[in-house]
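Next come the chains, spelled out residue by residue.
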Amino acid sequence: MAVLLDPFEALASFQQALDAYRTSSWLDPGLSGSGAYPPLNVFRKGDDFIVIAELPGIKKSDLDVQVKGRTIRLSGEKTVGYPEKAALHRRERLAGRFDRAVTMPIEINPEGVKAEYRDGILAVFLPRAESDKPKSIKVA
Amino acid sequence: MADKQELSVREKKELVAKEEKTIPGRYYVPYADIYETDDALAVVMEMPGVEKKDLNVALEDDVLRVDGQIDFSKYKEMEPVYTEYNIGHYARSFTLSNKVDQDKIGANLEDGVLTLTCPRRRPPSRARSPSAESRREFDRQALTSS
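Line by line, the protein sequences are chains A and B. So the first sequence is numbered by this note's numbering: it starts at 4 and just counts up by one. So the second sequence is numbered by this note's numbering: it starts at 966 and just counts up by one.
None of these hints come from the bench; they were simulated from the model. Accuracy of the hints is not assured; some may be wrong.
Claimed, not checked - With a straight-line Cα cutoff of 25 Å, these simulated PhoX-like cross-link-like pairs (lysine-lysine) come out:
id, chain 1, residue 1, chain 2, residue 2
1, B, Lys1064, A, Lys117
2, A, Lys48, B, Lys1039
3, A, Lys136, B, Lys1064
4, B, Lys1064, A, Lys63
5, A, Lys62, B, Lys1039
6, A, Lys88, B, Lys1041
7, B, Lys977, A, Lys88
8, B, Lys1039, A, Lys88
Said to hold, decoys possible - What follows is a set of in silico ranges between Cβ atoms, one per label pair, in the way DEER data are often shown:
id, chain 1, residue 1, chain 2, residue 2, range
9, B, Glu1016, A, Asp67, 23 to 29 Å
10, B, Asp1004, A, Thr106, 16 to 22 Å
11, A, Pro113, B, Lys1069, 50 to 56 Å
Note that the Cβ used here is the ideal one computed from N, Cα and C, for glycine as well.
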């Protein structure tokens, strides 16, 4: 990815970079989970992976993150409430249960996994297992 | 209305603005719910990733304009390997009717959900609750989205 120097151009080029990676299919639904919600973005930072999902308006207590082997599972419930006797004019926000599992192409160190929920964004940090890190081979 | 609702994946809707932006980068239209109670009209919008400091709600000529900026410096040194959605700023505007007390509009942003509360303007002379007729009128005039 291009190094983002100009703050005005930075967002546009980052959006282009995000679009460029919307081709792979390795996160297709597997056996361990169903559904395609929430949409995920997977990033690499050094050796580690970060999985990010937009989940606005979810209580932390309604959010469940599990890691087993190379698979992470995000499940929970998104609720959208209205006061009683409210007259609805427009309803675009969706609510319901979700359960999604995806398998990473790297070995994860389960001890180091961290999940953070802020401003409606869930970020799961997946450190690569030490044994899985590539070794540099010196060319003789 | 069914209680059990499926959470489906929707492609974000890109903003087609009347006036063009001078800053490069894509804007999206936040999903919104609009509902009305006896006292107020509420607009609830989903803007995941927007912090309070990056949110701007402005009222000008009866148009309520919401602009939420994404601080994507958080994505520094992160290299996308697989993506399913794009990120961008959010913007949406609504035309308010004169039935809304424009001085008392409240905004609350929590977990990426912005709630705007627009209290109904009370006629000073009578305190009784609005009749069905006037309420229908309010329904019709209260909000038109642009």
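Verification of the supplied hints:
{"no.": "1", "hint": "B:Lys1064 - A:Lys117", "in the structure": "violated (48 Å)"}
{"no.": "2", "hint": "A:Lys48 - B:Lys1039", "in the structure": "holds (12 Å)"}
{"no.": "3", "hint": "A:Lys136 - B:Lys1064", "in the structure": "violated (63 Å)"}
{"no.": "4", "hint": "B:Lys1064 - A:Lys63", "in the structure": "violated (37 Å)"}
{"no.": "5", "hint": "A:Lys62 - B:Lys1039", "in the structure": "holds (22 Å)"}
{"no.": "6", "hint": "A:Lys88 - B:Lys1041", "in the structure": "violated (46 Å)"}
{"no.": "7", "hint": "B:Lys977 - A:Lys88", "in the structure": "violated (30 Å)"}
{"no.": "8", "hint": "B:Lys1039 - A:Lys88", "in the structure": "violated (41 Å)"}
{"no.": "9", "hint": "B:Glu1016 - A:Asp67: 23 to 29 Å", "in the structure": "holds (25 Å)"}
{"no.": "10", "hint": "B:Asp1004 - A:Thr106: 16 to 22 Å", "in the structure": "violated (50 Å)"}
{"no.": "11", "hint": "A:Pro113 - B:Lys1069: 50 to 56 Å", "in the structure": "holds (51 Å)"}
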